[in-house]
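Visitor: So the protein sequences, as listed, match chains H and E.
Numbering follows numbering that gives the first Met the number 0, with no gaps: position 302 of the first sequence is 301.
Numbering follows numbering that gives the first Met the number 0, with no gaps: position 118 of the second sequence is 117.
Please keep in mind that the hints were generated in silico from the structure rather than gathered at the bench.
Honestly, I wouldn't trust all of these hints.
Derived Cβ-Cβ restraints for the label pairs, each shown as a range [unchecked claim]: (1) M82/E <-> N125/H: 26 to 36 angstroms; (2) M82/E <-> P136/H: 34 to 44 angstroms; (3) D21/E <-> N205/H: 28 to 38 angstroms.
Stretch-level coverage of chain H by chain E, calculated; a stretch enters the list once three of its residues show a Cβ under 8 angstroms from a Cβ in chain E [to be verified]: (4) 108 to 120; (5) 149 to 157; (6) 288 to 297.
Short, incomplete list of chain E residues facing chain H, as computed with Cβ under 10 angstroms [as the list claims (entries may be wrong)]: (7) F86; (8) P152; (9) P209.
Beta carbons: idealized from backbone N, C-alpha and C, even for Gly.
Single-letter residue listing:
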Amino acid sequence: MKIRAGSVLFCVLYFLLVSPNLSAQDLGPLFKRMKDGIYVYAGKPGESNCTIILTQEGVVLIDSGNNPTDSQAVMKAVKQLTSQPIRFLINTEPHADHTTGHFVFSPPAIIIAAAGAGQSMRQAYNPERMKKMMEEPGEMGAAAKGYRLITPHVEYRDQMTLNLGERTFQLYYLKNVHSEADTAIWLPKERVLFTAASVGVKRFNNLRPFVSIPDTLAAIKMMKALNPEIVIPGHGDPGTVKILDDMERYYNSLMARVKQMAQQGKSLDEIKKELRIPGTEDWEGKDRFPNNIEAAYRAVKGS
Amino acid sequence: MKAKASFMLMAIVSLAVVRSVDAQDLGPQFQKVKEGIYVYVGKEFNSNCGVILTQEGVVLIDSGHNPTDSRAILNAIKKLTSMPVRFLIDTEPHPDHTTGHFVFSPPAIVIAHEGASESMRSRERESPDRIQKMMTVSPEMRAALEGYRFIPPHIEYRQKMTLNVRERTFELMYLKGVHSEADTAVWLAKERVLFSASAVVVNQYNILRPFVTIPDILAAAKMMKGLNPEVVIPGHGIPGTVKIFEDSEQYYALLLDRVGKMVREGKSLDQIKNELKMPEYDGWASKERIPSNIEAAYKAVKGS
Chain H
0 MKIRAGSVLF
10 CVLYFLLVSP
20 NLSAQDLGPL
30 FKRMKDGIYV
40 YAGKPGESNC
50 TIILTQEGVV
60 LIDSGNNPTD
70 SQAVMKAVKQ
80 LTSQPIRFLI
90 NTEPHADHTT
100 GHFVFSPPAI
110 IIAAAGAGQS
120 MRQAYNPERM
130 KKMMEEPGEM
140 GAAAKGYRLI
150 TPHVEYRDQM
160 TLNLGERTFQ
170 LYYLKNVHSE
180 ADTAIWLPKE
190 RVLFTAASVG
200 VKRFNNLRPF
210 VSIPDTLAAI
220 KMMKALNPEI
230 VIPGHGDPGT
240 VKILDDMERY
250 YNSLMARVKQ
260 MAQQGKSLDE
270 IKKELRIPGT
280 EDWEGKDRFP
290 NNIEAAYRAV
300 KGS
Chain E
0 MKAKASFMLM
10 AIVSLAVVRS
20 VDAQDLGPQF
30 QKVKEGIYVY
40 VGKEFNSNCG
50 VILTQEGVVL
60 IDSGHNPTDS
70 RAILNAIKKL
80 TSMPVRFLID
90 TEPHPDHTTG
100 HFVFSPPAIV
110 IAHEGASESM
120 RSRERESPDR
130 IQKMMTVSPE
140 MRAALEGYRF
150 IPPHIEYRQK
160 MTLNVRERTF
170 ELMYLKGVHS
180 EADTAVWLAK
190 ERVLFSASAV
200 VVNQYNILRP
210 FVTIPDILAA
220 AKMMKGLNPE
230 VVIPGHGIPG
240 TVKIFEDSEQ
250 YYALLLDRVG
260 KMVREGKSLD
270 QIKNELKMPE
280 YDGWASKERI
290 PSNIEAAYKA
300 VKGS
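Bound conformation, chain E alone (with noise of 0.2 angstroms):
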């Protein structure tokens, strides 16, 4: 009769925990990656937002591209859930992927890289307008900034951390020099799903600031593609499999070989860059971002 109870008590859970909806039924910007892992993909490469469910509770990856990306996606949760958001990672702290930080937590205890929040800081105190002005795009987007407030990590692990919540495990590793101040990996060793982060983005050139290394990038791809994932989720772009790092992998080498062959011909950065084509990527987005592409590389030659 006990037995019988506590059956009657874990189906009772399992309704509240686990909701039987589609990925369909949560709007178009949804997809389903594997059973109670979701991702809202952003529109024309904005960010990606993972939501996991656990028996604890759900856990985030970022927190969407912008406030309005955030609410859609806390009605998504409250569709799939009457559970709590409990944790939010951070992929990196730049605002598409940080500002709807508020939407979540409280309750969600948010974890990072060291340096994320300092990162967070340093924006903020560049640009104390930002949330004024992101609030005249639209009346949507004022909506959706309802009681902002700046929230950074609670948590900033160093190197490397592990997230266990009941059945779930996740591995947090620090990806060096590849998108920001803080980059992190999230890996699902179980379900064999992996986060990547902004080190790689799918059809698209990625921005690859000053302190961005393309032998940094490849070996965090390397990396990650020994972890032998079964799907990729990465920071923008349509989630995939390892092709993603493949893709960049290759694109990297071309870059490479290429402004090296041009260095040894003893040309210089500019006539590089106002030379070098890349006619294999002509279909990629991001086009401006090709010349800090050309850089990265040329330092890369270089060995500066």
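Here chain H stands alone, though its shape is the one from the complex (with noise of 0.2 angstroms):
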């Protein structure tokens, strides 16, 4: 009896505290839920996505939104969600697009992140930027007000695991594929994966320098290796592997494009004249093609 009356009031205590019954059209129409406890706030095209993931010992969220608006829009749909804190934010990426809404949640949250994040958003950081932010009419001055720069507490290096109640979070740091320190993180149980910024949705990613597609490719074969059922990019709709397997596609072709070029004694400015890859012609980001082509250009001439 002891142990029903318990397991009774365990249940009424989880469902009121942690899993109100609301559909993710109850948060508003940039939610989506993905899984039980499990809701992305796809950003508007081209923005960053935001997740919210419920556990029976509080929130983890993947990112805080593109911009301060955002993060409060996710803040206000937490609240309607549970009355737990948000335990953890964890930065797929260190960029102002996906951590400027830190402020928001930490405290109390623990900002999680791969090792460097600290450095690239201390260097990155723009005073004049928020102070603008902060003193725009509207929504955004208003969301934007008590900003402060927060960094992680947490940078791991290589490969982290969170767990929090009844979830396990696997932290992967992906090398050289978008900024200075980029986490995939692999739910399990779950069989979700966020991918960071490594892949995009119809749409050429920005390979800055220091990015490879040597090392994207390994990225993508050793996510797809996970097995996930959902795939949540950084930017863009959540979907299903087919979003490894067309970036991967495309990066091979790409690569074997260039080699060809390359190899018929073409210099990269011709290359960069002459180059297109058929299926990616209603593709986003289209300025970004260029230093696709220079990235693949590295990678054949090996440097």
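Could you use the hints to bring the two separately framed chains together as a complex?
Guide: Rendered as structure tokens:
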């Protein structure tokens, strides 16, 4: 009898505190429910995603939204979903469009990122940008009120595991795929994978000079091997492993074509002028295609 | 005026954060090793616990040997600050460092090296009545165990990790094959304070389990000496300086030398165990561990 009463109390408390019966629609048009207790705030076109993950011991966020207005919308949704605190906020990368909103959640949230994220954020910090944002009239100014630069508490190297309540989060450092400190997050029980910005969805990625296509292909291979059911990229609509397949196919075609043209004696400039990759005609971010060719050229030339 | 108000606020905050308490006021087990860094030194080679104050709360290194120690530590923290214990870093997963987790977590986030959680779970499986037995030790122990829950680490890092809590930075380094399945050295670079885990102990023979290797211990000691710490806090034993490493290095060098000579003379492991004497270390505690030390030296000498 004692056990039964305990179980009933537990269930009542669990449903009251952790999991009110809300559908994603109740949270707003940008929210999508991916699995029980896992909600993605899918950014407006081109903007970053942010995910709310409920556990019996509190909330884990993946990134903090593109702008403080997004962070405030996410905070509002969290309050609708649970009365529990946000315990952890995991950064898939340190760039401002994933991290400016830290101040909305931390304290109390503990921020976790790959090593180098703190330094990257401090270097990129522009007080003028934030001052302007706070002075903006309307929603943005209001949302940015109280801004503080909050850098990660925990910076791991290589790999890390976070255990909270019934959930386990495996963090993997992705080398040279997008920023100075990219993290993929894998929930093995739920088979949900956060790929960070290592891949985009029908979108050319911005390949900075230190980004390497072989490293990106290695990251894609590793992430595919996890056999995820749901794939949530840093930017773009969540989907399945097809997101990884599409990007793998694109980078392989790009590498093959650039290699072929380089072997024909064509210069980087000539390749940039002539090269087209079939199947990418409707992709966003075409201004980034030249830096994709540069990265392929570097890989082909072994430099 | 605004500046004055801010100053007043800061002064009030500092009062709330770090109260002026001497280590003596905390109890006989406490030593202050640096500003805001205290060690609860375990009685008779029991495990140590580090209490580190920051402007954002407290960081603990281990949770005390027994729950009675954990309660004494929590009482001391309450005298030192009104801020919460934010993090608890395990230097190893063994019960004499981790049983007291429940006293601090929640709210503390427990951090350890990969494998710590599995190590703790396997001990729980092996002795499911461990806590019940512990309760029979004394009425104090029973009271201290009130509300016991098994709390494995929230965060398990691999190889290296950095923890930033406002003005302090903690570098966590995995020490391979030195004592347990998941040993962590904790280095405060600015303060030059090093928690060396149970890689080395003080005036005591260490227990060298079959997976522990003397070359790994020596490599860990070399790496830690290379950090050039001012204060060294071992997992067990009185805090000191790098001399703690030097003493261990000398001991293991002598042990390896003597075992090596006897192996070359054709002696078996059993003969070495019977005959080997280390009179230089007669004053060290835990002599029952000498055979496991000889076995580890024998493995190192034989390259197995």
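Visitor: If any of the earlier hints don't hold here, list their numbers in rising order.
Guide: Structure breaks hints 3, 6 and 9.
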